[in-house]
Each structure stands twice: as structure tokens, then as C-alpha cells.
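Top line first, the protein sequences correspond to chains W and B. If you're matching positions, the first sequence starts at 1 in the working numbering and goes up one per residue. If you're matching positions, the second sequence starts at 217 in the working numbering and goes up one per residue.
Everything labelled a hint here was simulated from the structure, so no lab data went into it. Just so you know, these numbers come straight off a predicted model, no measurement behind them. Mixed in with the good hints there might be a few duds.
To be verified - With a straight-line cut-off of 25 Å between C-alpha atoms, the simulated DSS-like cross-links for lysine-lysine are:
1. B:Lys250 x W:Lys169
2. W:Lys169 x B:Lys682
3. W:Lys147 x W:Lys188
4. W:Lys9 x B:Lys523
5. B:Lys250 x W:Lys40
6. B:Lys659 x B:Lys633
7. B:Lys520 x W:Lys9
8. B:Lys522 x W:Lys9
9. B:Lys523 x W:Lys120
10. W:Lys120 x B:Lys522
11. B:Lys520 x W:Lys120
12. B:Lys659 x B:Lys564
13. B:Lys659 x B:Lys625
As the list claims (entries may be wrong) - Sample of chain W residues at the chain B side, in silico, Cβ under 7 Å:
14. Val21
15. Leu28
16. Ala91
17. Pro113
18. Thr115
19. Pro153
20. Gly165
From the three backbone atoms N, C-alpha and C, an ideal C-beta is built for every residue, glycine too.
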Amino acid sequence: MTRPEITDKGTVFLVDDDIAVRRGVTALLSAAEYSVETSKSAEDFLSKLSSLDLSNAVLLVDICMPGIQGLELQELLKDQNIELPVIVMTAHGDVPMAVRAMRNGAVDFLEKPFTVVEVKTALDRALSMSRLDKTPLQSPEPALLDKFEKLTPREEEVLRGIVDGNTNKEIARVLDVSPRTVEAHRQKIMLKMGAASFAELIRMAIALNIDGNYLQ
Amino acid sequence: MRLALDDNDGSLTDQIIETVDTPIVILGPNGSIKRFNPASQKLTGYASDEVLGRKVWEFLIIDEEIDGVRAVFEKTRGEDTPTHFTNYWKRKDGQHRLLEWSNKTIHDRSGKVSYVLATGVDITDAQATKLQLSETQAYLMSIIDASPIAIITINERGELQSFNRQAEECFGYKAAEVLGENVKLLMPEPDQSRHDQYMGQYMETGEKRIMERARSVLAKRRNGEQFPAMLHVSEFKDGQPTFVGFIEDITDQKMTERRLKETQFQLQHAGRVGAMGEIATSIAHELNQPLTAAASFAGAVSLKLKKAEYAGCEDAIELLDDVVSEIRRASEIIRQMREFIRNRKTAKSLHNVNQVVQEAATISLIGAESEGVKLETSLDDDLGELQLDRIQIQQVLVNLIRNAVDAMKDCDEKRLKISTAKRVGFVEITVEDTGAGISDEMKERLFEPFATNKEGGVGIGLSISKAIIDAHQGEIFANIRDSPGTVFTVKLPEGAYDEARNHR
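Given the sequences, and given the hints that come with them, work out the whole structure.
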């Protein structure tokens, strides 16, 4: 593979086992003026890792692949102290996997299929982190904390349930309310937190260290 | 010395008395022995000289019976009719013999008692035999009563002749209540009305409908309750035809069978739902990929159209946005389908692990023994109970056991070993076969959906199993050995169990 031309937007290392996905996402990202380097598997990516310029770059990897999976690749890179922001792609609704990836240090997750806006937002954020070389989980922004404190205890419980990867139905059972009530709470939480998407809400929750392990 | 009887032909009577094999004793009115024939001498060991003139109760009668014998003697003297009496004689050597007597008083011309004639039969041996017989009978009866199977006999009219203790237990009647009653009272309809006809038919034609082979029937208890029973009827002739029926209450056995059947049904259902879920999950992933590609292509075109040279394409861009949103809708439908199936919650409760394993083995091995599979089980008695979804865990085990049997299909040695063991913090269940083993290529994809090397296999069994064991916070893995065969291990944590305990 030829070294792609570096543009201002940055480089995306796309790892996905599906050729159509690689072609489609490459077309999309090229049109959005990112350079794209594709690999058909984690092994493929690792084999050319040494020859890649990792500056101003982001790894966009499918979480579910044959052989080394997305999460493992992420861990392998972490073990080698390779500072490359990671965005994982998950099947729609696979929250627990996404949460795990985020805890492992992924900066974001994208639910397949995604829109231009979603992918651009996620990539730009990751690339800005790459440039600043900051890990996002250190201290939540004060504004985010303010928003979080506006949640009622019940809403906070629902949020924890969501971050733990539970469906509305499961949360409803644990809290002994109807799934509809949980959905209502969920909408309110999104509103109060100012989250545009579910992924963003999860990202915020992770930034706030809200999850089962951090239960007070 | 002779004592002639007062008749016309004394010498003939004499001869009879002397030669008969029957003890004959003639007593005087006061009870003293006047005559003691050879048969009597032979029986007692006393010579005639030793006894003449002595009273019988002075030496021949055992102590306990002296009073009785004297009373009979007094009575005999007073009446003219013969009396019968049974008593022991004490022989000269001390042995006792039991004799049955016919006594007859003989009067002289003035009507005074002149003699008492006593003719005896030695019934000692007969009595012993009789006693022995009744002992044997009592012995047999106690065996019959101890039988765990109800045993009844009927005559050719269907009337109950015997009814053992288990029959009392089983039917709720006392023997005394039903003896002589028609056996049909122990049957529900339609047999009750038809039984006489059945018997009549048999008596007439000798055609055996239910005889000589066990068959399962419905029987009726006193309280009207019906129960499944195994009935075996045999005929024997004791003067007249008698039928003996052996009846075994198989309610428990039936219940076990029913439970197994239900489990089997639930397993099939769970298997179907599980397979659907697994397929849905797979489809969700597989279908999501082309949808992602399509949405990305549309997004790419949309971005290109936004560039300056394509000014005026806003309509097209909007249409492309619609394409993307429809693609997302399709993806959402798949997600909902998947979630719907996945939401089938595990219904955990406390179950005896060994019982769960045994049932699964029974169900999966139906018919396997005929294929030559030898089952070896080694179950750890200390396992106790674990919090688990019985049907789901059995689904996993049935899957593993059937896989094992399939893997040995073409092998000479077909040994299947199922073990359970208690380890620290978890319970281990292993299923071990001597089959073909797993290829290197398969090893990696073993628990992935649609990975199979079985002919006609879909390849979702193990991926479902893994999903189930994951939901139990357990582990499932295959130890691939150098020797032929495979060992699958399932580990189930004990934590859930402790938790359940603490919450009580």
C-alpha cells in the first residue's frame, strides 16, 4: 500500500474485515478530506504498524472481527505504549462492548451504520486529542459535572444502568418500574446532559466515571 | 390272663383286639386298666404286666392333662354315647405321643358300667405335618405380605381370594373388606364393566389377552383415584382355576418419565428460540456490514455534491440523507429483532447440579446405546445446589453430549465420560469423548456462529452454549488433546449460589 497523502484533517487507520465497509467508509472519509489507510484485519494492521506515521492519526476499528478483535488490538497497542486514539465501531446497540472499549481507553465509539456527521464529529474529536496528547478520562469538565448534578437520584440510577449495558427492559425490572418510565427518564437525561446521541451520553458517562465499578 | 367280653363269641373279639394295629385300652369303672392290647404296648413301650390294674392317669398321662382326662373319663362313665378326646400319652421312655380317642361305655345287664372301651389313633406324625404345613403357609404368607408388589388372587368367577399387605396399601382396602368381592372393584371404567366379559371369554376360549405378560393398566384406589400400574396375571390350578395378579404402582416412574418428556420439550423449544437468537445476532452483524458500506457510499456522494462545482444539487443531497436514514432504519429493525430474542431472560433458581446433568445425559443419550456408545459417569456428591437456569444449562449439556456422540460415529471405541466436580469457587462439568477430535482450523472458530464441520450442521450449537454460559458468568472451553477425542469443560461459579443464600 502506498503512503496516503497527508491532508490537514488527519489520517484514519480503518480496520474492518468487510471489503464493502472498507470501500464505503474510505469513500466517505476521502470525500470528507481525511486520508485513509485500510487494513482487513488487526493482524494486517499490526504487520504494517512500524511503517506508519502515527502522528495526527486515529484508529477506526471494528470491534467484532475474526482473529484478533477490536478490543484486543486496542489492548495490544496500549501494552506497546503506542499512543493512537482509538474509535471502535460496534453493531447497533452493542453497548456493553462499547463501554468496555471506552474503559480501556477508546476515545469514542460509533454505531454502524453511521452518518457523515457522526463519523466526522468522532474523528475530529479524536484527532484533536491526538494532537494535544491528552487522555480524556482524567478529569471531567466542570460544565459536565454541573449537568450531571442536575440529574435526580432516579435518573442517575437509570444512567448507571444504561452505562452498564442494560436495556430499558432490564433497568425497568431492577428499578421495578415500567420500561416506558425508563424511556422517559432516558429522554430527560439526554436533555439535561445535552447529549446529541446515545454514544455521546455514554461518552459523557465514561468521562464522569459513572459505571458499576465506581458506584458510590 | 384274659378278660373275655361278655358276648357270644369272646374268642373272636379277643383276636381282633390282639391283632389290630390300633391301641385299644379297656378300663374298669374306676379307671384302672383291665386290658392293654399289643398295639398299645408297642406304642408305649410298657408290657401288659406293667400296666394292668393301674389307673391311666397315674403314669400314662402328662401332668397338664391329668385333670382333663379324668373329667372325660367321668363323663364317659355317665353317658351312653361315644365321646371323642385328644390327649398325650407319656411313653415308658418319656417321649410323648398324641392320640385321638373314641370312648365307649359298656354296661352289664343291670345297667351298671362294667367297662370303658377306648380306641385310639396315634396322630403325632400327622399333627406335626399339619403344624409344619401351617408354618410353611405362614412363612409364605409373610413373604407375600412383605412383597413390594401388590399380589391378589381371584377364582374363576373373579372373586378375590387373597389380598396381600401391599395390595391393602396400594388400593386402600383391608383384605377382610374385599375378600369375596369381585376384582373389578379395583378397576376404573371401562375395564370395570368389561372384566366379567374378559374372564368369561378366557374361560371359554382359553385365549390369553393379558395373561403371562406384563402390561400397563389403570387401577383404581378406594378413594376413586386412578393410578398407572404394571399388571402381570398368571393362572394356576388349585383344584379349580385361580388367577394371581401382580400389580405394581408406577405413578413415580410415570412422573419421572413425564418430567423427562417435559424437559425434552422445553429443551427443544429453548433450542429453537436460542437458534433464532443466534441467527438473528449473526444476521445483525452480517447485514449491518453492507448497510454500513451503503450508508458510507451515500454519505460520500453527499459530501462530494456539497462541493462548489456541484452547486444546485441540494435536492440530491436531501435524497441521499433519506437513503442514509432509511438504511439506519433497516439496521434498527434488525437490532430490535435481536434484542427481542436476546431479552429472553435466564430464569435462575436453585438446582441440584448432578440431577441436571443426569437428566441431560438421559435425554441426549436416548438411542445412543444402540449405537454402541458406552457411558461412564463420575458425579461428585458434594456438589449440592447451584443457582442456574435448568433448561438453558441442559441445553448446553445436551448439545455437548450429542456433539460427543456424533464425533464418535465412525470410531471403533465409543466412550463417553460425563463428570462433575467441586472446585474452589466453581463447579466443573466435563464431557469427554473418544471421537475424531477437532481440527486446528476449527479450534479458533469453535464458538463462533455458523462454524461447523458437521455434515448438515448449522454451527450455532456451541455459540448458543457460549452465550448461555456467559449469561451464567461461567466459562466453556474445549481441551484439545493429543490423544483422540475432545474434552469440553463448563465452569459455573458458586458465587450466584452464595448470593442467593445471603438474600434469604
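Earlier hints that do not hold, by number: 1, 5, 12, 19, 20
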